[in-house]
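Working from the sequences, and respecting the hints, build out all of it.
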Amino acid sequence: MAWYAYCITEQQTLANGTRSRRPSLLEGVQGVNGAAVLGYPSGEFNIVVSEYERDNVQFGEKNVLEHARVVSVCFRSGTVLPFRFGTIFDSDEALRQAVRSNRRTFGQSVARLRGKAEMHLKLRVKDGSLREAMAEIVLPDTVGGDYLVKLREKASQDRERRTKARALSVQVHKLFNPLEEEISCKRVDSDGMLIDIAHLIDSKSIEKYQNRYSSAAKQLKNCELAISGPWPPYHFLPGKLRMVAGNS
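In case it helps, this note's numbering puts the sequence shown at residues 1466 to 1713.
One thing to keep in mind: the hints can contain errors.
Result set (DMTMM-like, lysine to aspartate or glutamate): computed pairs, CA atoms no more than 20 Å apart in a straight line [as the list claims (entries may be wrong)]: (1) K1629 with E1689; (2) K1669 with E1646; (3) K1581 with D1667.
So the derived label-pair ranges between C-beta atoms look like this [said to hold, decoys possible]: (4) S1693 with R1561: 31 to 39 Å; (5) R1589 with K1527: 25 to 33 Å; (6) D1667 with R1486: 32 to 40 Å; (7) E1509 with L1640: 34 to 42 Å.
Hints were generated in silico from the structure; no laboratory data involved. None of these values were measured; they are calculated from a predicted model. We put the CB at the ideal spot given by N, CA and C, even for glycine.
Take a look at the structure:
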């Protein structure tokens, strides 16, 4: 039997504090393609899975949302370690082996993320002073002096963009004071950029975090700010855990 995997939870989370030795149905939860969702026990953990038939059907956007919905339902009850979308284990043994070989990492991650949630901030910066930094610099096809000049201009532009993004992210960090953060930045048009920030916070401080939004929106000039969450801690899993994918 192949298994489609959504996330890992502590077994007591899904079993009302009791330990089960057999897969148990999660009532009222539908998985990818409407499949039933089970908690597959392994020691102190439950791997949240659905039975899966390999039939060469391509996953689509609808399935991404179905996967995320299952993870979110489990997150309401306790700590989760999400698997990548599309993670499939070809057998019971492959599933158990993934847990056995990463049990220590899973345990450390659950302990670190217990009682934590992820919040997202999207900061769209549209500032006339960024126009030069955002302009697209096309490198010539041939090498030579012109290529080196353009290469230096591009490097200078990238530094300016990173400096602006870093300054804004520091300001955001002071306003929201998260436990940890992950930041990415990309160009969105000729004179703007999008800074995507994930914050790890204590679940008890979600309301306080959300209340800081209005103050932040006023202080961050020339920026459009959007906030969402709480989410499972997708951005704060250890690198080793991200590599656990079975045969997907």
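Going down the list of hints, with the structure as the test:
{"no.": "1", "hint": "K1629 with E1689", "result": "15 Å, holds"}
{"no.": "2", "hint": "K1669 with E1646", "result": "17 Å, holds"}
{"no.": "3", "hint": "K1581 with D1667", "result": "5 Å, holds"}
{"no.": "4", "hint": "S1693 with R1561: 31 to 39 Å", "result": "35 Å, holds"}
{"no.": "5", "hint": "R1589 with K1527: 25 to 33 Å", "result": "28 Å, holds"}
{"no.": "6", "hint": "D1667 with R1486: 32 to 40 Å", "result": "34 Å, holds"}
{"no.": "7", "hint": "E1509 with L1640: 34 to 42 Å", "result": "38 Å, holds"}
Violated hints are absent here; each numbered hint is respected by the structure.
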